[in-house]
Structures are given as C-alpha cells and as structure tokens.
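Asks: Each chain, letter by letter, is given below.
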Amino acid sequence: MTLYIVEAMLWLLVAALALAAAVRGRILFRDGLREGTMDFLRLLPKVLIGVVGSGFIAAIMPPDITARYLGPDSGFLGVLIAVISGAFTPGGPVVGFSIGAAAIKSGAGAPQVIAYITAWALYAVQRFFLWELPVMPRRLVWLRLLASLPLPFLVAAAAMLLGRP
Amino acid sequence: MTTVKPTPPSSPLPPIIKRRKRNPFDWSTAGIGLVMTTAAAIVFFRDGRDRFLEILYHDLRLFGDVLLKVAAGCLIGAFLARLLPRELVAKWIGAESGFVGLLIATLLGAVLPGGPVTIYPIASAFLVVGADVGATIAFITSWTLLGYTRALVWEIPFFGLDFVIWRTLISIPLPIIAGLSARLLARTIGKNWGDT
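Protein sequences appear in the order of chains A and W.
The working numbering puts the first residue of the first sequence at 491, with every later residue one more than the last.
The working numbering puts the first residue of the second sequence at 3, with every later residue one more than the last.
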C-alpha cells in the first residue's frame, strides 16, 4: 500500500514538472522528456544487474558470522566491523535492511546495527560503482565519499551515549 | 516545413545540460556483473536449481517494482535541470549560501520523494544549475539517511517504528556535518581535481 503512495507521489512530481516545462515551452518539454528517457534507458542494464545480482550475493553471505561479530559487547571493534560489512553489502534496497534486522534478532547491538545501516546507506561499494560514478560528476562522488567516512562512527557513538529510549 | 519558432522570450537558460559522453558499458558495471554471475553460480551449484530460480524470480519482481521509480527519477532530474532557475538555486544552496544553504539542502533531501535510485540524477541536476558542492552532498546524505519514503517503504517493515524514529533522530545532524566537511575538503584538496 505505502509502496503505491510513494509511486504516486513520484509520478505526481514528474507530472507537475512536465507541466511546468510544457508551460515554459514545447522545446523545453520535449528536450526534458527525451533526456530523461535516454538516461533511463542507459541505466536499465545497470539496474538489472544490480537488483538481480544482489539477491544472489545476500544468499552466499554467512548471516551467523555477521551476527556474532556485531554483538552489544563488541564495542568499537564491532562498530568498525559493522561499517566495513555495511560498505561491502550489495546496495539493493532490501539487502542491507534485511541483514541488519537479522543481526538484531540474533543478538547484535543497536549501535553496531545503526553503524551498519548508515555505512551501507552512505557508501555501499556496489552502489558507488553502479550508480554514483556513472551518474554524477566524479569530483562530487569522491568528495561525498570522503565527507561521509566518519558519519557511521559518529552516529554509533551518539547511539551508545544516548542509549535506546 | 515551417511554422512558428518562437524563441522563448523569458528563458535565460543557457545550454547548461551538456553531459559527458559515456561508454554504454563501462568497466565497473562489467566488474559488478562478474561478481554477480559468480554469486549466482555459487548458489546454483551449492544450493541447487530450485533455490537459484526462487532468488531469480524474487529479484526480477523487485526489478519490476524498481523500474517505474527509476524512470520517474530520471525524468524528475531531466526536468529539474531545465526548470530550476539558476539564480534561485545559487541563492538558496549556492557557493555563498553558507550554513543556511546546508540546512535548506538537508530539508530538501528529507522531504523529496523517492528512494536511493532517484537521488543521483537529481543531485547532478542541482550541481549543473549552480548548487554548492557541500549543499549537494548534504542533500544526498539527507536523502539517504533521513528520507521518509525510504524509511516508510523499506526500513519500518524490518525494524519497527520505534527503532526507525530513534535512528532518524540521531542521524539528523549528519547531513550538515557531511556538507561542512565536503566544503572544507573541496577548499583544501578539491582544487587539484580540476573540472567536475
């Protein structure tokens, strides 16, 4: 249900922008439409590889080991392991969350899992190569990566200090 | 053929949307493809054909779900790049926008709809029309960490509402920190990278 709401909101935004473009001029509208479509077609094979492949990668990862090294007593080392595993978890929309949830169920600490999710969201290696480098200017990609490096550690530290409500 | 060619009167948009030509299939995609194929082969030979097909069907369905969102993201990016008035972007999140620019970019990232697949084209569009690199990075970071659609669609089903709210609250300062450090980095080492 929520999935369709998001979908609807996205396309409403597309419609609003397309309308605004059409009001500004037919050429503007046509160019935007054409470039958007071309971008989409160019991305298609990458999306296919990424989405279909991430399920297989998740299937060959050992969840019990992931959970063992991320326990609440694992401290900073656990956070470090979490950040590294987050970075190397494939970047599909489900994989990181499902592994994080599995880790919590099998006894991982909340700060470690938050560090894991944050690292995965910020710099999953696969997403980096599949999405960011092809789509964005190179300088922006590297700057973003560098600026993001400390964030999972900061958020894990905050989670440890504040504790769960 | 003839007819009207009304040069748009109020369209001060220079051709800002020139993008670099790229090879349709670059080495990084090939590398990822290789890793994926290896993983698929391991599943096939270790877990058998049924498990392989089960994962394949599941992922193909996911691919179908994602397709429309990707298309929407590309169109939003393409139209935004043409519609966003440069002066406004420059004022709000441009090089001179300072700390307020980071706040605006963070807010923008949190409220714009879409998942991780739609961010990057839109962020590139921002940069093209003159946004500051720190603000753009704050925007991306905010979208990845605070974006409510992502939490709604993917995170809450796995973790529950309490955990997600808690994680989001702790993460609120992160986009601003990322934006500030990106500005600092751009000033110190970014110059050597030359063009964008």
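By construction, these hints were calculated from the structure, which means they are not laboratory data.
Every residue gets a Cβ at the ideal spot worked out from N, C-alpha and C, and that includes glycine.
Fair warning: there could be bad hints in the mix.
[Stated by the list, open to error] Taking beta-carbon pairs under 7 Å as the criterion, some of the chain A residues facing chain W (in silico):
| hint | residue |
| --- | --- |
| 1 | Leu503 |
| 2 | Ile550 |
| 3 | Pro552 |
| 4 | Pro562 |
| 5 | Asp563 |
| 6 | Ser564 |
| 7 | Leu635 |
| 8 | Ala637 |
| 9 | Phe643 |
[Unchecked claim] According to the in silico footprint, chain A covers these stretches of chain W (three or more CB under 8 Å from chain A):
| hint | region |
| --- | --- |
| 10 | 37-50 |
| 11 | 67-81 |
[What the hints assert, rightly or not] Residues from chain W that keep clear of chain A, each with C-beta distances beyond 10 Å, as calculated:
| hint | residue |
| --- | --- |
| 12 | Asp61 |
| 13 | Leu85 |
| 14 | Ala92 |
| 15 | Glu98 |
| 16 | Gly100 |
| 17 | Val102 |
Asks: Give a verdict on every hint.
Replies: The hints, checked one at a time:
Taken as an interface hint, Leu503 (chain A) checks out: its beta carbon lies about 6 Å from the nearest beta carbon of chain W, inside 7 Å. Interface hint at Ile550 (chain A): satisfied, since its Cβ lies 5 Å from the closest Cβ of chain W, which is below the 7 Å cut-off. Of the supplied interface hints, the one on Pro552 (chain A) is violated, with its beta-carbon coming no nearer than about 12 Å to a beta-carbon of chain W, more than 7 Å. Taken as an interface hint, Pro562 (chain A) does not check out: its beta carbon lies about 14 Å from the nearest beta carbon of chain W, beyond 7 Å.
Checking Asp563 (chain A) against chain W by beta carbon gives a least distance of about 20 Å; that is not within 7 Å, so the hint is violated. Because the smallest distance between the Cβ of Ser564 (chain A) and any Cβ of chain W comes to about 18 Å, over 7 Å, the interface hint for this residue is violated. With a least beta-carbon distance of about 10 Å to chain W, the hint placing Leu635 (chain A) at the interface is violated under the 7 Å criterion. Look at Ala637 (chain A): its Cβ gets to within about 4 Å of chain W, closer than 7 Å, so that hint holds up.
Checking Phe643 (chain A) against chain W: minimum C-beta separation of about 11 Å lies over 7 Å; hint violated. A count of 9 residues in the region 37-50 of chain W with a Cβ less than 8 Å from any Cβ of chain A is obtained; the coverage claim is therefore met, three being the minimum. Given a C-beta distance limit of less than 8 Å, the hint that chain A covers the region 67-81 of chain W holds, as 15 residues qualify and 3 suffice. Some Cβ of chain A comes within 10 Å of the Cβ of Asp61 (chain W); the nearest lies about 4 Å off, and the non-interface call is violated.
Residue placement check: Leu85 (chain W) does not keep its beta carbon more than 10 Å from all beta carbons of chain A (closest about 6 Å). With a cut of 10 Å on Cβ distances, Ala92 (chain W) stays outside the contact zone with chain A, its closest approach being about 17 Å. Chain A leaves Glu98 (chain W) outside its interface by the beta-carbon criterion, the shortest separation being 18 Å against a cut-off of 10 Å. With a least CB separation of 17 Å from chain A, Gly100 (chain W) remains clear of the 10 Å interface cut-off, as annotated.
Listed as outside the interface, Val102 (chain W) is consistent with that label: its C-beta sits roughly 19 Å from the nearest C-beta of chain A, beyond the 10 Å cut-off.
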